[in-house]
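Novice: First to last, the protein sequences are chains A and B. Residue 80 in my numbering sits at position 80 of the first sequence, and the numbers go up by one each step. Residue 83 in my numbering sits at position 83 of the second sequence, and the numbers go up by one each step.
The reader is advised that the hints may include incorrect statements.
As the list claims (entries may be wrong) - Mimicking SDA-like on lysine to any residue, the simulated pairs with C-alpha atoms at most 25 angstroms apart in a straight line are:
no.: 1; chain 1: B; residue 1: K70; chain 2: A; residue 2: V102
no.: 2; chain 1: B; residue 1: K70; chain 2: A; residue 2: A100
no.: 3; chain 1: A; residue 1: K13; chain 2: B; residue 2: N30
no.: 4; chain 1: B; residue 1: K56; chain 2: A; residue 2: T104
no.: 5; chain 1: B; residue 1: K70; chain 2: A; residue 2: G58
no.: 6; chain 1: A; residue 1: K57; chain 2: B; residue 2: S24
no.: 7; chain 1: B; residue 1: K26; chain 2: A; residue 2: G40
no.: 8; chain 1: B; residue 1: K69; chain 2: A; residue 2: A100
no.: 9; chain 1: B; residue 1: K26; chain 2: A; residue 2: Q44
no.: 10; chain 1: B; residue 1: K26; chain 2: A; residue 2: G58
no.: 11; chain 1: A; residue 1: K57; chain 2: B; residue 2: G95
no.: 12; chain 1: A; residue 1: K57; chain 2: B; residue 2: S28
no.: 13; chain 1: B; residue 1: K69; chain 2: B; residue 2: L46
no.: 14; chain 1: B; residue 1: K70; chain 2: B; residue 2: S58
no.: 15; chain 1: A; residue 1: K57; chain 2: B; residue 2: N30
no.: 16; chain 1: B; residue 1: K69; chain 2: A; residue 2: K13
no.: 17; chain 1: A; residue 1: K13; chain 2: B; residue 2: S39
no.: 18; chain 1: B; residue 1: K26; chain 2: A; residue 2: Q41
no.: 19; chain 1: B; residue 1: K70; chain 2: A; residue 2: G42
no.: 20; chain 1: B; residue 1: K69; chain 2: B; residue 2: N52
no.: 21; chain 1: B; residue 1: K26; chain 2: A; residue 2: P39
no.: 22; chain 1: A; residue 1: K57; chain 2: B; residue 2: L48
As the list claims (entries may be wrong) - Beta-carbon label-pair distances, calculated as ranges:
no.: 23; chain 1: B; residue 1: S94; chain 2: A; residue 2: Q41; range: 18 to 28 angstroms
no.: 24; chain 1: A; residue 1: R15; chain 2: B; residue 2: Q14; range: 21 to 31 angstroms
no.: 25; chain 1: A; residue 1: N59; chain 2: B; residue 2: G40; range: 16 to 26 angstroms
no.: 26; chain 1: B; residue 1: A81; chain 2: A; residue 2: S79; range: 38 to 48 angstroms
Bear in mind the hints are in silico, worked out from the structure with no lab data behind them. In this text the structure is predicted, and so the values were computed from the model without any measurement. The beta carbon of each residue, even a glycine, is placed where N, CA and C say it ideally should be.
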Amino acid sequence: KAGVTQTPRYLIKTRGQQVTLSCSPISGHRSVSWYQQTPGQGLQFLFEYFSETQRNKGNFPGRFSGRQFSNSRSEMNVSTLELGDSALYLCASSTVPSGANVLTFGAGSRLTVL
Amino acid sequence: SQQGEEDPQALSIQEGENATMNCSYKTSINNLQWYRQNSGRGLVHLILIRSNEREKHSGRLRVTLDTSKKSSSLLITASRAADTASYFCATLASGGSYIPTFGRGTSLIVHP
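Construct the complete structure from the given sequences, taking the supplied hints into account.
Specialist: This is the structure in structure tokens:
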């Protein structure tokens, strides 16, 4: 069974540009969550999608957006990049979100903003 | 804000020793999970303990949960160099939310 696949693994952008990250969940997993990880803030929840609908959203500005397709694949977009957006962006999938929501993470996309 | 906070932030031990990490949280939880992250990689789920459980084992891992103190501990027995990683606790608050909230993690180094 293939794991969670994130692309690209590494990318470098400059301030003001935008970026799109992709996540393919485990087959059969319909919930996809995104987290931002930085040394100073740890893992911060961005948003979660289930059946193409954003069900939960973290405390991030509107520059951060996402979507989910009918095959459960998800993308997140960051517009007008800032230096502080440099981080490891982690995608995680789970079957049906419930009180015992165990996440399977991808390897992450490392974004560097110059 | 972070729900769970791990302690210590960093831990350095020799192979064969036991490693204990603690996690404290603030609100009532449905369950608590521990994850491991090797440097620059994604997190891997280790173990889940429900709010009505006090202790759980998985191989060399032992997790305890004290809901009265709002704390949990992860014990790794007979540590190996391959256990070197960051360890995170994640809490699922009771009351309907199913989004795990992560702490900042404990960085464990096991010297061969």
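Novice: Against this structure, judge whether each hint is valid.
Specialist: Quick rundown of the hints versus the structure:
Distance check on the hinted pair: K70 (chain B) and V102 (chain A) sit about 20 angstroms apart at the alpha-carbon level, within 25 angstroms; holds. As the CA atoms of K70 (chain B) and A100 (chain A) are separated by approximately 18 angstroms, the hinted pair is consistent with the 25 angstroms bound. For the hint pairing K13 (chain A) with N30 (chain B), the CA-to-CA distance comes to about 40 angstroms; that exceeds 25 angstroms, so the pair is violated. With a CA separation close to 21 angstroms, the supplied pair K56 (chain B) and T104 (chain A) stays within the 25 angstroms bound.
For the hint linking K70 (chain B) to G58 (chain A), the alpha-carbon distance of about 24 angstroms falls within 25 angstroms, and the restraint holds. Simply put, K57 (chain A) and S24 (chain B) have alpha-carbon atoms about 24 angstroms apart, close enough for the 25 angstroms limit, and the pair holds. The straight-line distance between the Cα atoms of K26 (chain B) and G40 (chain A) is roughly 20 angstroms, inside the 25 angstroms bound, and the hint therefore holds. Taken as a hint, the K69 (chain B) and A100 (chain A) pair is honoured in the structure, with Cα atoms around 21 angstroms apart against an allowance of 25 angstroms.
Of the supplied pair hints, the one linking K26 (chain B) and Q44 (chain A) holds, its CA atoms being roughly 17 angstroms apart against a limit of 25 angstroms. Of the supplied pair hints, the one linking K26 (chain B) and G58 (chain A) holds, its CA atoms being roughly 18 angstroms apart against a limit of 25 angstroms. For the suggested pair K57 (chain A) and G95 (chain B), the alpha carbons sit about 17 angstroms apart, so the restraint of at most 25 angstroms is met. Taking the CA atoms of K57 (chain A) and S28 (chain B), the gap is near 21 angstroms; set against the 25 angstroms cutoff, the hint holds.
For the proposed pair K69 (chain B) and L46 (chain B), the alpha carbon gap of about 22 angstroms is at most 25 angstroms, so the pair holds. For the hint linking K70 (chain B) to S58 (chain B), the alpha-carbon distance of about 22 angstroms falls within 25 angstroms, and the restraint holds. Taken as a hint, the K57 (chain A) and N30 (chain B) pair is honoured in the structure, with Cα atoms around 20 angstroms apart against an allowance of 25 angstroms. Between the alpha carbons of K69 (chain B) and K13 (chain A) the distance comes to roughly 45 angstroms, so the proposed pair goes past 25 angstroms and is violated.
This hinted pair checks out: K13 (chain A) and S39 (chain B) have alpha carbons roughly 22 angstroms apart, not beyond 25 angstroms. For the proposed pair K26 (chain B) and Q41 (chain A), the alpha carbon gap of about 18 angstroms is at most 25 angstroms, so the pair holds. Annotation: proposed proximity of K70 (chain B) to G42 (chain A) holds, straight-line Cα distance about 20 angstroms (limit 25 angstroms). A C-alpha spacing of about 14 angstroms is found between K69 (chain B) and N52 (chain B), which places the hinted pair at or below 25 angstroms, so the restraint holds.
For the given pair, K26 (chain B) sits about 22 angstroms from P39 (chain A) by alpha-carbon distance, which is consistent with the 25 angstroms threshold. About 24 angstroms separates the Cα atoms of K57 (chain A) and L48 (chain B), which keeps this hinted pair within 25 angstroms; it holds. For S94 (chain B) and Q41 (chain A), the Cβ-Cβ distance of about 25 angstroms falls inside the hinted range of 18 to 28 angstroms, so the restraint holds. In this structure, R15 (chain A) and Q14 (chain B) break the distance hint of 21 to 31 angstroms, their C-beta atoms being roughly 45 angstroms apart.
Taken as a hint, the range 16 to 26 angstroms holds for the pair N59 (chain A) and G40 (chain B), whose Cβ atoms sit roughly 25 angstroms apart. Distance hint for A81 (chain B) and S79 (chain A): a CB-CB separation of about 43 angstroms, consistent with the stated range 38 to 48 angstroms.
Of the hints listed earlier, those the structure fails to meet are numbers 3, 16 and 24, in rising order.
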